[in-house]
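Trainee: Heads up: the protein sequence lines correspond to chains A and B, in order. In this note's numbering, each residue's number is its place in the first sequence (first place is 1) plus 10. In this note's numbering, each residue's number is its place in the second sequence (first place is 1) plus 10.
These are computed hints drawn from the structure, not numbers from a lab. Computed from a predicted structure; not experimentally measured. Careful, some of the hints might be misleading.
Remember, identical chains collapse to one label, so a pair may be satisfied in a single copy or spanning two.
As the list claims (entries may be wrong) - In silico DSSO-like pairs for lysine-lysine, Cα to Cα no more than 30 Å straight-line:
(1) Lys201 x Lys17
(2) Lys201 x Lys218
(3) Lys17 x Lys212
(4) Lys17 x Lys216
(5) Lys17 x Lys218
(6) Lys201 x Lys216
There are 2 protein chains.
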Amino acid sequence: MQQITRKDIAGMERLYRGRLINSLSGFKSVNLLGTVNSEGQTNLAMISSVVHIGANPPLVGFISRPISVPRHSYQNITATGFYTLNHIHADIYQQAHQTSARYDAGTSEFDATGLTAEFRGDFAAPYVAESRLKIGLQFREQFDITLNDTILVVGEIQEIWLPEDVLGEDGHVDIERAGSITCSGLDTYHKTERLQRLSYAKPDRKPKPLE
Amino acid sequence: MQQITRKDIAGMERLYRGRLINSLSGFKSVNLLGTVNSEGQTNLAMISSVVHIGANPPLVGFISRPISVPRHSYQNITATGFYTLNHIHADIYQQAHQTSARYDAGTSEFDATGLTAEFRGDFAAPYVAESRLKIGLQFREQFDITLNDTILVVGEIQEIWLPEDVLGEDGHVDIERAGSITCSGLDTYHKTERLQRLSYAKPDRKPKPLE
Numbered sequence: 011m012q013q014i015t016r017k018d019i020a021g022m023e024r025l026y027r028g029r030l031i032n033s034l035s036g037f038k039s040v041n042l043l044g045t046v047n048s049e050g051q052t053n054l055a056m057i058s059s060v061v062h063i064g065a066n067p068p069l070v071g072f073i074s075r076p077i078s079v080p081r082h083s084y085q086n087i088t089a090t091g092f093y094t095l096n097h098i099h100a101d102i103y104q105q106a107h108q109t110s111a112r113y114d115a116g117t118s119e120f121d122a123t124g125l126t127a128e129f130r131g132d133f134a135a136p137y138v139a140e141s142r143l144k145i146g147l148q149f150r151e152q153f154d155i156t157l158n159d160t161i162l163v164v165g166e167i168q169e170i171w172l173p174e175d176v177l178g179e180d181g182h183v184d185i186e187r188a189g190s191i192t193c194s195g196l197d198t199y200h201k202t203e204r205l206q207r208l209s210y211a212k213p214d215r216k217p218k219p220l221e
Numbered sequence: 011m012q013q014i015t016r017k018d019i020a021g022m023e024r025l026y027r028g029r030l031i032n033s034l035s036g037f038k039s040v041n042l043l044g045t046v047n048s049e050g051q052t053n054l055a056m057i058s059s060v061v062h063i064g065a066n067p068p069l070v071g072f073i074s075r076p077i078s079v080p081r082h083s084y085q086n087i088t089a090t091g092f093y094t095l096n097h098i099h100a101d102i103y104q105q106a107h108q109t110s111a112r113y114d115a116g117t118s119e120f121d122a123t124g125l126t127a128e129f130r131g132d133f134a135a136p137y138v139a140e141s142r143l144k145i146g147l148q149f150r151e152q153f154d155i156t157l158n159d160t161i162l163v164v165g166e167i168q169e170i171w172l173p174e175d176v177l178g179e180d181g182h183v184d185i186e187r188a189g190s191i192t193c194s195g196l197d198t199y200h201k202t203e204r205l206q207r208l209s210y211a212k213p214d215r216k217p218k219p220l221e
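One chain only, chain A, in its complex shape (with noise of 0.2 Å):
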């Protein structure tokens, strides 16, 4: 095993780190954050920190990068409170990837990238059309790491939309077989294969797999 230190880190080349550092956390979700301002102007990026932080209420949080730069997601959550996260399959990562180039502040990437910005029903935030998980939510409240200048914005659940046939008995949903798939570092995409679901943990016995 290799040995690399902090001392090791602080000296590294800017892109090297970020690329060594991105990779250590382990497998990561990859969501499209849909926004809209307040002149109707849609927003759309793809993310790599959400976070689970809850299920009662429903709160899920995601890390801002410094807003020392305009960072319009996060300016359009705060004005208008809602935003949508959007599960990523195979057939539009590429497209998904291409959200983070640095468009121009007129540009939507919906329109950039071809993906489809759909409003459903009153729900203040556009949904990505072509995701087949996803789930609007409303801005709750905001914590600044000031370590780095980043922001852990956390919002509430308020609806999801799903296929129908994810969805098990037990509330589990098989989100692998929607199709969502991971990231690894800044720019690496993979898919799953189920190894197994296992029964609750009990300190007088073994797991068991479940199903």
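Since the structure of chain A is already known, use the hints to place chain B on it.
Mentor: For chain B alone, kept in the frame of chain A given last:
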């Protein structure tokens, strides 16, 4: 597509809601969190909420559940200041899952599950010997999410241990090659298969496969 509303979620049975909401953020990292208390008693806990926060300084976060019940990992981290995160591969995920059983305070999950506590150099927290990719962290800051009494724990990477053949020339780590796996929901484990690594996105061209 099926819609599930905020009101539907509020009316769900507790475990059903937990399984559903835990599935929605997407695929998750799975890490074993290694700590030790001031008496030398080790603790090991599986967590699926690790999130990348930034590369410079190298910061990693995770969500700790409410401390209204004893959380040995959290107590050890704040008492000693140090902890480890260890990737999981297909040969050890059942043991990793088993660490989530409620063992009494005097039992180390290392002993109970057959995983091996390994102290490397003078780093103050135990690694998992069987893990192939692991990082040692120093506690930096906590953020209290009063919406549901969880805590975002932020640490700074002090050292990295990884196989030499998974670190690319540009800093990207091939965690799939290291055997790292991912999970979904509360209890389902998946291996991965790479789709592609994509070039940095620019507005004027489509992303290209790397390698």
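Trainee: Check each numbered hint from earlier against the structure, then list the numbers of those it violates in ascending order.
Mentor: Violated hints: 1, 3, 4, 5; rest satisfied.
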